[in-house]
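All chains, full assembly: derive it from the sequences and hints.
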Amino acid sequence: MLYSKENQESYLEPVFGSSAEDRDIPKYTLGKEPLEPRIAYRLVKDELLDEGSARQNLATFCQTYMEDEATKLMSETLEKNAIDKSEYPRTAELENRCVNIIADLWHAPKDQKFMGTSTIGSSEACMLGGMAMKFAWRKRAEKLGLDIYAQKPNLVISSGYQVCWEKFCVYWDIDMRIVPMDKDHMQLNTDQVLDYIDEYTIGVVGILGITYTGRYDDIYALNEKIEQYNSQTDYKVYIHVDAASGGFFTPFVEPDIIWDFRLKNVISINTSGHKYGLVYPGVGWVLWKDESYLPKELIFKVSYLGGEMPTMQINFSRSASHIIGQYYNFLRYGFEGYRSIHQKTSDVAQYLANAVEETGYFDIYNDGSHLPIVCYKLKDNINVNWTLYDLADRLQMRGWQVPAYPLPKNLENIVIQRYVCRADLGFNMAEEFIQDFKTSIEELNNAHILFHDTQKSGVHGFTH
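The opening position of the sequence shown corresponds to residue 2 in the working numbering, with each subsequent residue numbered one higher.
Warning: the hint list may mix true and false statements.
Below, simulated EDC-like cross-link-like pairs (lysine to aspartate or glutamate); rule was C-alpha separation at most 20 Å, straight line [what the hints assert, rightly or not]:
id, residue 1, residue 2
1, Lys140, Glu298
2, Lys237, Asp199
3, Lys81, Asp105
4, Lys439, Glu358
5, Lys345, Glu433
6, Lys297, Glu143
If you are wondering where the hints come from, they were derived from the structure by calculation, not from laboratory data.
Pasting the structure below:
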């Protein structure tokens, strides 16, 4: 390639000697002139410097590491549009393979015809699962002669729901019937769930991994309750499992837990590929046990770019790179690879829980023995002059992002702290965190002592 003298001078110009680094960059309107790529890259990169390290973010379930080969493959396929199935038939085939792999993982019955699709994440997947429940309920109710306009249809869920379900109920005009959690039931209280169900109930949501605490709803017990209800009425009710967190974890680490399509009344399940499916954000999946549970009016046949394609996503155009990343992981890890990664993550979570408990300051709410989430609160009788919010601030000074927050309604007076352990949190990194954790507690204790010593000595500030 030939360079003019002007181009050569521009290329040789030091990034931090450039005119772009000597003035305020355009922020809310377009700049007048283009910038050289390497300078634009550095300016944007530097804008992100003070966000902290994603690897130290213990607040998020979303993956913060993928192998170099996976990242390369995804970066090389960013331009593929997942919706263009006739234009990218091999990409469509990879998505189809992923759906089949997940259906097998969730024990879809061999004598039924499962259906499924990728989504942007679990929020879209939950919306699709919810819409299918609403449309299917409406058909059943009309056949039975119910006045479907006499009152709003309702959805039953525990107070540990993720906000996407509240969005669904608002967007699609559904009454959300919330089964409250309490100290004795830190997940869906299956003994109360039938009290919230009537002929206008479109379905019940069981959660395999509550966002607040990581605990599982007892889907098996819920299925028994729903079977009891259905045996006594023509107005059948079915279960959707929000397995955003547990759907790609439980089958590998605790395969004996029965929560999936093995249960008669579980008819649809969603999960996040970007959580324990080990893919960067964002990709999700939703599957139905049989095509009869997915109303046909939700599947659109679109004539697009010379071919006809079925689609049931809320979104349309999006990159297929995350679907390809998911298939890479399935191919790369296999069952044993996923199992070993998740077992290590579980071991690390339990190590962290034990280390937190050994300090003597905290009551453990979740010890990571199921989903690798560690939750705890300050003991009621502990004599300290700091809160979990103070501890979160101290940890953030060392780069660790650890949330502290109140539990849902009826438990909002309880403030907990939560660690989400992901695949890239190894034992050595966890040890470093615990060192910082203990040091932060010591500093908070000493800060209070130092403050009182200063007050007693009469030193309140600087003097001349």
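Hint check:
{"no.": "1", "hint": "Lys140 with Glu298", "result": "holds (11 Å)"}
{"no.": "2", "hint": "Lys237 with Asp199", "result": "holds (9 Å)"}
{"no.": "3", "hint": "Lys81 with Asp105", "result": "violated (27 Å)"}
{"no.": "4", "hint": "Lys439 with Glu358", "result": "holds (12 Å)"}
{"no.": "5", "hint": "Lys345 with Glu433", "result": "holds (17 Å)"}
{"no.": "6", "hint": "Lys297 with Glu143", "result": "holds (17 Å)"}
Violated hint: 3 only; the structure is consistent with all others.
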